[in-house]
Amino acid sequence: MNRLFLLFYCVVFIVRLTAFLRGRKRLPGKQQLVMSIMYGLTILFFAMLQFQQAELIPIGRFLNVLAPWVKMWVDQLL
Amino acid sequence: MIHKQVVNHRQIAWLVGSVLLTGMLVSFFHSVTDVAKMDAWFSQLLSVFYGIMVAYVLAELTRAFPGKNIYEIIFIVFGRWVGGVINIILLFYFWLIISLDVKGASKFFHATLLPQTPVEITLLVFVLLVMYYGRTSLEVAARVNEMYFPAFFVLAMALYVLLGNEYSIERLEPILSTSMNAIVVSNFMPIGIYGDILLFGAFLHATTHPRLFFSAMKHGILIVGFTATMLLLVLLGVMGYTIASRLNYPMFILVQQIHITDFLDRVEIVLFSLWFPAFAIKVIVAYLAFLMGIGSFGGQADYPGFNFPTGWFIIATSMLTFQRISDLEAFLSYSLPLIVVILQIPLLLILYIKARMNRKLPEQATIPEGTRLYRFYRFCVWLGTFSLSACVFTIIIGTIFLNKSETGGIITAISYVTFFFLALLASYGEMQALNHGKQKLAMEKASGAFRQ
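Going down the list, the protein sequences come from chains C and R.
Quick note on the numbering used here: the first sequence kicks off at 76 and runs consecutively.
Quick note on the numbering used here: the second sequence kicks off at 71 and runs consecutively.
Do not take every clue at face value.
What the hints assert, rightly or not - SDA-like cross-link-like pairs, simulated, lysine to any residue; straight-line CA separation at most 20 Å:
#  : chain 1 : residue 1 : chain 2 : residue 2
1  : C       : K146      : R       : L408
2  : C       : K105      : R       : V152
3  : C       : K100      : R       : P374
4  : C       : K105      : R       : F367
5  : R       : K510      : R       : F446
6  : C       : K105      : R       : I158
7  : R       : K508      : R       : V76
8  : R       : K508      : R       : F449
9  : C       : K146      : R       : P374
10 : C       : K146      : R       : D104
11 : C       : K146      : R       : D397
12 : R       : K138      : R       : N78
13 : C       : K105      : R       : V155
Read the hints as simulated data drawn from the structure, not as lab findings.
Work out the full structure, taking the sequences as your base and the hints as a guide.
Structure, rendered in structure tokens:
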């Protein structure tokens, strides 16, 4: 992964997360919850991203699980 | 904030054009030409019908639930918990669209125009641009689109002239010689892209005239159908289906074939400079729809508050998905149409039934009956329906009766393009008639109020 990207992404994320954690009391409860989930998911997926070479979480394959079946059906139809 | 958005009929039509058309240009034509070979340019019709059907249901929803967007409507119809689950599924679908486009564009730019720039940087810059628009509303995107979409449309149409020296009609022949099955399957494939029209469900609250909204969406869909047909016609005429079906980015290579003079080199840079903003508008619309969905869970209409976590979430997840361009193509051509059919059809069917049961706004009289404008409007509606039906019959008759005949093929091709163009013109006339009728009625009402 590009180091410049990594630095920018992480620094901005940490700054914004800190600002959110400090000011979250001022936000309505529902908004606080949704924003916490979004930050949490971002951290989770970013952690997953670090293991992509080992294909521990093959999201691309999961999304394309239907494609071979449809392609097979198309080939049969043709 | 979301209730302040006002988008007019032309902006809706052009936004639909941008959203649907630009998504096709990255690598979609590759798979269609692979399936339907030289008859791939007949592949837009079924998807156009599908798009019009979705637009009709959305218009019915605005009639039944005025001032509400699709997330709010789902909560009303299905209740808090079931509605919440359906909205999460809808958000997942919108995330798929954004992720597909962001990753597709980054991969495309890395492979063609910016080979030295890492994909992560292209992706980051693209999402930052989208996040900038995420602080605004659909109105801003619609206004920016008004600058770029006409130029993009004109240049797409001009390709036929610009590539005239490379074009050979023999590459399309024998017209309609592939099997009916191949044509039907190729018509099914673009449904994944035309399904993106559901994104406009997130902006239903900005609609005040359901009939005009439907006409504008229909016009946008027909712009897309006709332009995609013409682009495929040029692509196949210049390259032939063998080359087009083997290239990852056939449109890029097609544009590179423009050789007008020796000193006018790299025309593709100019064309893609116009294509990119139009494409960015598509991702912005999808992103705004996604933000609104998040906002509907957050219990507030002021969605820009969710902009940063959502943008950073999109960056992380987009980098995880579609590692290879072949994954992206397979998803776009084979998985997405199926996902659209499985997800959208039952949802829209239930919402349509509910909308018919709960109609709050009566059928609005947008044009005074018996006037010349009303007769023109009826004629346009009739002409549009007739032309689209004629397109279907042209393909059927051409396949069954004129199969492998050279003259028959040419007659079929000319009839198909003419009818499609007539349908496009009729949809424009229908939209304009409704708009003039609306303005006339508003003026009459205003002058009446003044007299009182």
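These are the hints, each one checked on the structure:
no. : hint            : result
1   : K146/C x L408/R : holds (11 Å)
2   : K105/C x V152/R : holds (18 Å)
3   : K100/C x P374/R : holds (18 Å)
4   : K105/C x F367/R : holds (7 Å)
5   : K510/R x F446/R : holds (15 Å)
6   : K105/C x I158/R : holds (16 Å)
7   : K508/R x V76/R  : holds (16 Å)
8   : K508/R x F449/R : holds (18 Å)
9   : K146/C x P374/R : violated (40 Å)
10  : K146/C x D104/R : holds (12 Å)
11  : K146/C x D397/R : holds (13 Å)
12  : K138/R x N78/R  : holds (17 Å)
13  : K105/C x V155/R : holds (17 Å)
In this structure, the one hint that does not hold is number 9.
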